[in-house]
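Visitor: These are the residues of each chain, in order.
2 protein chains.
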Amino acid sequence: MAPIKNGRHLFNEIPVGYPIPGKTTIYDENQTIDLDTVPLNGGILVKALSFSIDPYMRGRMRPATVESYVSAFTIGEPLGNNGVGVVLRSENSSFKPGDHVWAYFPFQEYIVQTDLTNVKILENKEKLPWSTYVGAAGMPGQTAYLGWKAYSKAKKGETVFVTTGAGPVGSIVAQLAKLAGLKVIASAGSDEKVEFMKKIGVDVAFNYKTTSTVKVLEEHGPIDIYWDNVGGETLEAALDAATNFARFIECGMISQYNQTSPYGVKVGIFPSLLLRHNILNSSLQRVQNLMNIIAKRLSIHGLLIFDHMTPENAKEFYDTVPAMIAKGDIVFLEDKKYGLDQVGEAILDVQSGKNHGKSVIVVAEE
Amino acid sequence: MAPIKNGRHLFNEIPVGYPIPGKTTIYDENQTIDLDTVPLNGGILVKALSFSIDPYMRGRMRPATVESYVSAFTIGEPLGNNGVGVVLRSENSSFKPGDHVWAYFPFQEYIVQTDLTNVKILENKEKLPWSTYVGAAGMPGQTAYLGWKAYSKAKKGETVFVTTGAGPVGSIVAQLAKLAGLKVIASAGSDEKVEFMKKIGVDVAFNYKTTSTVKVLEEHGPIDIYWDNVGGETLEAALDAATNFARFIECGMISQYNQTSPYGVKVGIFPSLLLRHNILNSSLQRVQNLMNIIAKRLSIHGLLIFDHMTPENAKEFYDTVPAMIAKGDIVFLEDKKYGLDQVGEAILDVQSGKNHGKSVIVVAEE
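Residue numbers (the numbering used here), protein chains in the order written: chain A, 2 to 367; chain B, 2 to 367.
These are computed hints drawn from the structure, not numbers from a lab. You can trust all of the hints, since none of them are fake.
If several chains are the same, the list does not tell them apart, and a pair holds so long as it fits within one copy or across any two.
Below are the SDA-like pairs computed for lysine to any residue, each with C-alpha atoms no more than 20 Å apart in a straight line: (1) K297 x T66; (2) K355 x E335; (3) K297 x A73; (4) K121 x A104; (5) K297 x H309; (6) K216 x E68; (7) K328 x E127; (8) K150 x S300.
These figures come from a predicted structure and were not determined experimentally.
Excised from the complex, chain A in its bound form (with noise of 0.2 Å):
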């Protein structure tokens, strides 16, 4: 067979505030490649069927000197993320054409993988559509099923305040929480997301664009549990409305990431703060900062989810949530684009809250 093309999403520019479709990243067609001949070197060949586009994508368009938790992305190379495709050829033993495989790709619609060491064969007993496995079924299932488990020592009874309620992540955290018998509080960006909220069982679901959070707490709190994917100011709420012994669970800052100066969380608390608040305004004594952390004992926990994924985890994950979902105790929306020319539009929805699920590129149906 002759080389076609292999159409890939460059990394072309490093961002200030929001990433620019086309020039923050770019689609690229140059490359070409024979799916008969390429040398695999005792790895398989993967068709990609769907990436994930997730929030903290954007950590990586940054300069390859800055450290972080993941590496950065190199400009000129593709994007990266988890993805799930379709194995056409293997030189090993462990993988045969026509198995699904889900692991971290780069952005191109083939691709030669030689390290297997975290490409996982995805059984799909419960038949759910492969993008599933980026989405509820995928990393951002895990992080909510897992950093669930690990930190949010929920008891039935107890308030729960989840933001992006309607997101991947969120969504899920929603809908664990509800089974656990917790209220619910969840805010989100938009009413279509709210009613989709509503639907999931969330409790008191807001526009937090449209709404006070530090009203809804105020009405609906105090939370012992904070979801926290935003930061910020509603950080800020949270740790005002959090009961003594909250934990939070700090799973991203999103209101932060296209900053081009960060948001400060208030430290200080005392008396002449507060005195200068009572002759502003008298019914406001509450302290929203830091110092709440000390005065409320919270216990708050920062969470990225591969350090969760253990062998014994992520069986229990694989072997609960896709059930969970065939059965409908965990639904879930998702946002799909289709094409890898679309992987710029996805990610800046994504960054500005305009994707309505979880964010799907969909290169191929199989």
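For chain A, the structure is supplied; the task is to place chain B on it using the hints.
Guide: Using the frame of chain A, we list chain B on its own:
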């Protein structure tokens, strides 16, 4: 016997900024007491020996309507805190004249105590000076010992950064850390305090007023444990210098207690900010902010000692720490002032860091 003066130190006025001796609080000699005939109503009559002056007292100098973890002082009434006294008379069979007792007492020379629930008889087998029981063998010691036990997860060879390392809590934390085989970095606000920290075995002792905390942590970090007594910019520096999975013990934020506007710990991270910093200063590639909680998977715990004084923990503390003090494994400094009229000065010293060692008001020696 005729009635005698019962000197008291009263809360007089809510301060703005630092408390002012003679204005915020005042010494009062108008009350008298007849030690022979004052009714005890089933309680005990205590002669005060030593009172503790602690940083947290500043937080109680607020309007009574402002809620916090500990009640506000009442204007016109005595201040109060932990103290040691000797029983003069008793109408309760568990207490006899001559017993030395530890409890929360109002700041007055003689106290009729009817609620005996939290009054502890001090055995003092080690014959420590009684003032020790408001310091290293009192609340500061309990805070250091039980807070370290609960949250440090210390492992030999790790590095801890202790703020107020010459203070009554910090100096004990530093010594416990050394005993556990850790490298100890500790800060204080004077060269004299630095000398004391070196004496108790601190590996890297520095004066934060003349040496940059950021630079010390860059050179001698990273840090696995942060014991925070100060908050503000120091907390920010610690977030920056933390290792992955570092533990933060939030015990106090004294840098903020007397500020009229609170310090903002930056929440943002991320490329646009970093880029801007890189443009300004290419060596500044660190990120000082709360996003570190996620990126480094930090665990942050608010510590108030009274949560940890379970009967088991109290027993362990009193079985262990006084003996360590007697043996010389824990050494400490006291900053004694004599007489209840000195309370205002002592409080201001503690708030401004002028005290050198545990601040104690000695009312009587025996």
